[in-house]
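With chain A fixed as given, assemble chain B with the ligands onto it according to the hints.
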Amino acid sequence: MMLSGWGRYPRLDTRLEAPRGEEALRALLADPLIARGNGRAYGDAAIGAPLTAQMRSFNRMIAFDATSGQLVAEAGVQLAEIISAFLPRGFFPLVTPGTKFVTLGGAIAADVHGKNHHKDGSFAACLDWIDVMGPDGVVTRCSRDENADLFAWTVGGMGLTGVILRAALRLRRVESAWIRQTLLPAANIDEAMDLFERNDAATYSVAWIDCLSRGAGLGRSLVMLGEHATRAELDLKRAASPFDIGRRPSLAVPFDAPSGLLNSLSVRAFNEAYYWKGRSGAGESYVNWDSYFYPLDALLNWNRIYGRNGFAQFQCVLPLESSARGMRALLEMISNAGAGSFLAVLKRFGAQESRFSFPMLGYTLALDFPVNARMLTLMDRLDRIVLEHGGRFYLAKDSRMSAATLAASDPRAQAFRDLRQSQSLTGRFRSAQSERLAL
Amino acid sequence: MTQGPVLIIGAASDIGRATAHAFAAKGHAIQLAARNSARLAADQTDIAVRYGVSVTLHDCDALATESHAGFVDSLPELPQIAVCVVGVLGDQAQNERDIQAAVAVMRANYEGPASLLAVLANRFERRGTGTLVGISSVAGIRGRASNYVYGSAKAGFTAFLSGLRNRLAKKGVHVVTVLPGFVNTQMTAGMDLPAKLTAEPQEVGEAIARAVAKGRNIIYVRPIWQIIMLIIRHIPEAVFKKLSL
Ligand SMILES: Cc1cc2nc3c(=O)[nH]c(=O)nc-3n(C[C@H](O)[C@H](O)[C@H](O)COP(=O)(O)OP(=O)(O)OC[C@H]3O[C@@H](n4cnc5c(N)ncnc54)[C@H](O)[C@@H]3O)c2cc1C
Ligand SMILES: NC(=O)c1ccc[n+]([C@@H]2O[C@H](COP(=O)([O-])OP(=O)(O)OC[C@H]3O[C@@H](n4cnc5c(N)ncnc54)[C@H](OP(=O)(O)O)[C@@H]3O)[C@@H](O)[C@H]2O)c1
Numbered sequence: 001m002m003l004s005g006w007g008r009y010p011r012l013d014t015r016l017e018a019p020r021g022e023e024a025l026r027a028l029l030a031d032p033l034i035a036r037g038n039g040r041a042y043g044d045a046a047i048g049a050p051l052t053a054q055m056r057s058f059n060r061m062i063a064f065d066a067t068s069g070q071l072v073a074e075a076g077v078q079l080a081e082i083i084s085a086f087l088p089r090g091f092f093p094l095v096t097p098g099t100k101f102v103t104l105g106g107a108i109a110a111d112v113h114g115k116n117h118h119k120d121g122s123f124a125a126c127l128d129w130i131d132v133m134g135p136d137g138v139v140t141r142c143s144r145d146e147n148a149d150l151f152a153w154t155v156g157g158m159g160l161t162g163v164i165l166r167a168a169l170r171l172r173r174v175e176s177a178w179i180r181q182t183l184l185p186a187a188n189i190d191e192a193m194d195l196f197e198r199n200d201a202a203t204y205s206v207a208w209i210d211c212l213s214r215g216a217g218l219g220r221s222l223v224m225l226g227e228h229a230t231r232a233e234l235d236l237k238r239a240a241s242p243f244d245i246g247r248r249p250s251l252a253v254p255f256d257a258p259s260g261l262l263n264s265l266s267v268r269a270f271n272e273a274y275y276w277k278g279r280s281g282a283g284e285s286y287v288n289w290d291s292y293f294y295p296l297d298a299l300l301n302w303n304r305i306y307g308r309n310g311f312a313q314f315q316c317v318l319p320l321e322s323s324a325r326g327m328r329a330l331l332e333m334i335s336n337a338g339a340g341s342f343l344a345v346l347k348r349f350g351a352q353e354s355r356f357s358f359p360m361l362g363y364t365l366a367l368d369f370p371v372n373a374r375m376l377t378l379m380d381r382l383d384r385i386v387l388e389h390g391g392r393f394y395l396a397k398d399s400r401m402s403a404a405t406l407a408a409s410d411p412r413a414q415a416f417r418d419l420r421q422s423q424s425l426t427g428r429f430r431s432a433q434s435e436r437l438a439l
Numbered sequence: 001m002t003q004g005p006v007l008i009i010g011a012a013s014d015i016g017r018a019t020a021h022a023f024a025a026k027g028h029a030i031q032l033a034a035r036n037s038a039r040l041a042a043d044q045t046d047i048a049v050r051y052g053v054s055v056t057l058h059d060c061d062a063l064a065t066e067s068h069a070g071f072v073d074s075l076p077e078l079p080q081i082a083v084c085v086v087g088v089l090g091d092q093a094q095n096e097r098d099i100q101a102a103v104a105v106m107r108a109n110y111e112g113p114a115s116l117l118a119v120l121a122n123r124f125e126r127r128g129t130g131t132l133v134g135i136s137s138v139a140g141i142r143g144r145a146s147n148y149v150y151g152s153a154k155a156g157f158t159a160f161l162s163g164l165r166n167r168l169a170k171k172g173v174h175v176v177t178v179l180p181g182f183v184n185t186q187m188t189a190g191m192d193l194p195a196k197l198t199a200e201p202q203e204v205g206e207a208i209a210r211a212v213a214k215g216r217n218i219i220y221v222r223p224i225w226q227i228i229m230l231i232i233r234h235i236p237e238a239v240f241k242k243l244s245l
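Which chain is which? The protein sequence lines are A and B, in order. Residue numbering for the first sequence follows the working numbering, beginning at 1 and increasing consecutively. Residue numbering for the second sequence follows the working numbering, beginning at 1 and increasing consecutively.
In short, the hints are calculated from the structure, not lab data. As the structure is a computational prediction, the values presented were derived from the model and not from experiment. Using N, Cα and C, we set each Cβ at its ideal position, and we do this for glycine too. Hints may contain errors.
Said to hold, decoys possible - Derived Cβ-Cβ restraints for the label pairs, each shown as a range:
#1 B/Lys171 <-> A/Pro295: 46 to 54 Å
#2 A/Arg11 <-> B/Ser244: 40 to 48 Å
#3 A/Gly21 <-> B/Asn166: 40 to 48 Å
#4 B/Val103 <-> A/Gly21: 26 to 34 Å
#5 A/Gly246 <-> B/Pro223: 23 to 31 Å
#6 A/Val138 <-> B/Lys171: 56 to 64 Å
#7 A/Asp136 <-> B/Arg126: 56 to 64 Å
As the list claims (entries may be wrong) - Some chain A residues judged to face chain B by a derived CB distance under 10 Å, without partners named:
#8 Ile62
#9 Ala73
#10 Arg89
This is chain A alone, in the form it adopts within the complex (with noise of 0.2 Å):
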């Protein structure tokens, strides 16, 4: 059947396999293949080449430790349904992406960040061990004591080394369901930059980017921090229930939208209006976690208003002593083609040492593009500005670059290649986007 990561591009055929089961999943190991969490992986990343094995049916919750707050769950299990169980509990995903529709397997292979990156680290800081079937069939525990290599090679390994079956990992302990954010408006690149480093001691810090910006106002930006509210800091009403949010509506986008709606035009009068409302609304709020994190969850299917083409996701990371340069140069590049992305987000990452990860010290950029040859050439360009400042890119957005910029802006990838052919792990798991990518 055809299939597609959230960004719906490209579309590929695979064969669709749900196993229920650590038998059945065994009985798959007959033919290259790769797990599929939920599908949030923008690009091709979850579709297997020829094989992709669902893990929908490996989705249950095996034991919860209240004192150390350790969960062991089957790696199908979503952010979703951990924080549905525990929050009410006080207990908080460590670290969470932008939607809460990923599963731990997703979260472990793209070893995820969130806007604590800087603080906390990538989704690996909160795993114990995780278990994973390799290409014979056998299950091995792993931690950072115990298969080590395993372990570092899996966390952040795309799927590439095998299907993540169960993992332990530490849930951050919580005193209310709210966050007190700080809206910071900044001038233009430098100024967002300036405020990331004066407020390193944040839990969370995130920017929104108007990438449409020029001139002095190059990379005009909301800078967003948050912390977790105390139950003393609330108001009494939300102090008596500090868990409860209320009902939140989600809305569905029915239909396609028609390619062109989200041109320069509508994107820059979105920009316009969200700066300016952002600068009027600028200090100190009380944000309730989904809100605060997964804004976009509240918008089933969005993907869909890019239309039928589908949209591809730009994200990269710059070494810190590059940022400003490079972050300059990319907008440059960007606001010039007019190609204004409708979510353009900006970070700043801490240190990370890892053997596949994406996240290093420094600052990451992600934008969104619809998918057209004016957007994949533009995007090319960017990754040419990006190789020259020393940055890599986020294998769990990407769905469109070449095995020569992968090697270019990675050292790591022929280590990951070599270690893959010595463990007989190539011709076993395999995706459309480690065929694209030469891994």
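Showing chain B with the ligands alone in chain A's frame:
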């Protein structure tokens, strides 16, 4: 309403599991019953970990009708709500050749579930409270060449539920008939079902919990099925018999 225990018979099915989750989320203790219930240990833990409710496992074979009274007696507590999910789709072509296979489908969809609910109904009636839920099917509304063995047994079960509801209406016991259209489960795995007409098991589970809370009599899960079945019901037999459905 009290948060008394909910018994799910046929708990190894996707719809059974989803129904257990929907009630556990509201704080009910859960009794999972199935053939060889030990294989449900992972579900038992899963539900207990997620919702912090007590979950127990019980063996029950719907075809062993003589054991049903003993099965209900063996439960740690008479449930407040009992949901019978048991059913077997069978293979229509095989059922036409092999009459014993057809009889097995009839028994698993009608005799077994009706016997179980009959035993529970008498206990609930004596107690004067409780809700019984039977999962039947839209296939029972009109017999079609492609699955009339299954459909006829579901028709029997639907009529049984309707009669039971009528009998117990003044006795404090409520009966809910669930007539799902297509549901994406093990039973339909590999079939090419139209997305708009196909419910996810979670939808069915949540619809059941809602129907119990609101005291609904008959639910179709996706409302469109009510319209489809209205049309199917009204096709004149002379036309209907010539259709390939
Ligand atoms: C709105 C939105 C916001 C996002 N925000 C962020 C963000 O802030 N930070 C961030 O880091 N990411 C972000 N992402 C990306 C997302 O977190 C990752 O793509 C994540 O991997 C998706 O998880 P999934 O369960 O949907 O996995 P899929 O998309 O199905 O798979 C992703 C990768 O994980 C592998 N995988 C999945 N399950 C297993 C398993 N059981 N065993 C082995 N490999 C497996 C797949 O093979 C594939 O390589 C965002 C995505 C969206 C749609
Ligand atoms: N899927 C659909 O499209 C659909 C549509 C309308 C109605 N339904 C009805 O929904 C119910 C659940 O079906 P499902 O789709 O979830 O499929 P399923 O997984 O096949 O569920 C059927 C369940 O019935 C149990 N069962 C069968 N014979 C039994 C017996 N003698 N004793 C005890 N349990 C027995 C099975 O238990 P074992 O695991 O032990 O085999 C299984 O758990 C069925 O009544 C079905 O007819 C389904």
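Here's how the hints hold up against the structure:
1. B/Lys171 and A/Pro295 have their C-beta atoms about 51 Å apart, which keeps the hinted 46 to 54 Å range intact.
2. Taking the beta carbon of each, A/Arg11 and B/Ser244 are about 33 Å apart, not inside 40 to 48 Å as hinted.
3. Checked against the hint of 40 to 48 Å, the C-beta distance between A/Gly21 and B/Asn166 comes to roughly 43 Å, which is consistent with it.
4. Separated by about 31 Å at the C-beta atoms, B/Val103 and A/Gly21 satisfy the suggested range of 26 to 34 Å.
5. Distance hint check: the CB atoms of A/Gly246 and B/Pro223 are about 26 Å apart, consistent with the given range 23 to 31 Å.
6. Distance hint for A/Val138 and B/Lys171: a CB-CB separation of about 58 Å, consistent with the stated range 56 to 64 Å.
7. Under the hint 56 to 64 Å, the C-beta atoms of A/Asp136 and B/Arg126, about 58 Å apart, fit the expected range.
8. At about 6 Å, the closest approach between the beta carbon of A/Ile62 and any beta carbon in chain B falls short of 10 Å, and the interface hint on this residue holds.
9. For A/Ala73, the interface hint holds, the least distance from its beta-carbon to any beta-carbon of chain B being 8 Å, beneath 10 Å.
10. Interface restraint check: A/Arg89 against chain B, minimum CB-CB distance 8 Å, threshold 10 Å, status holds.
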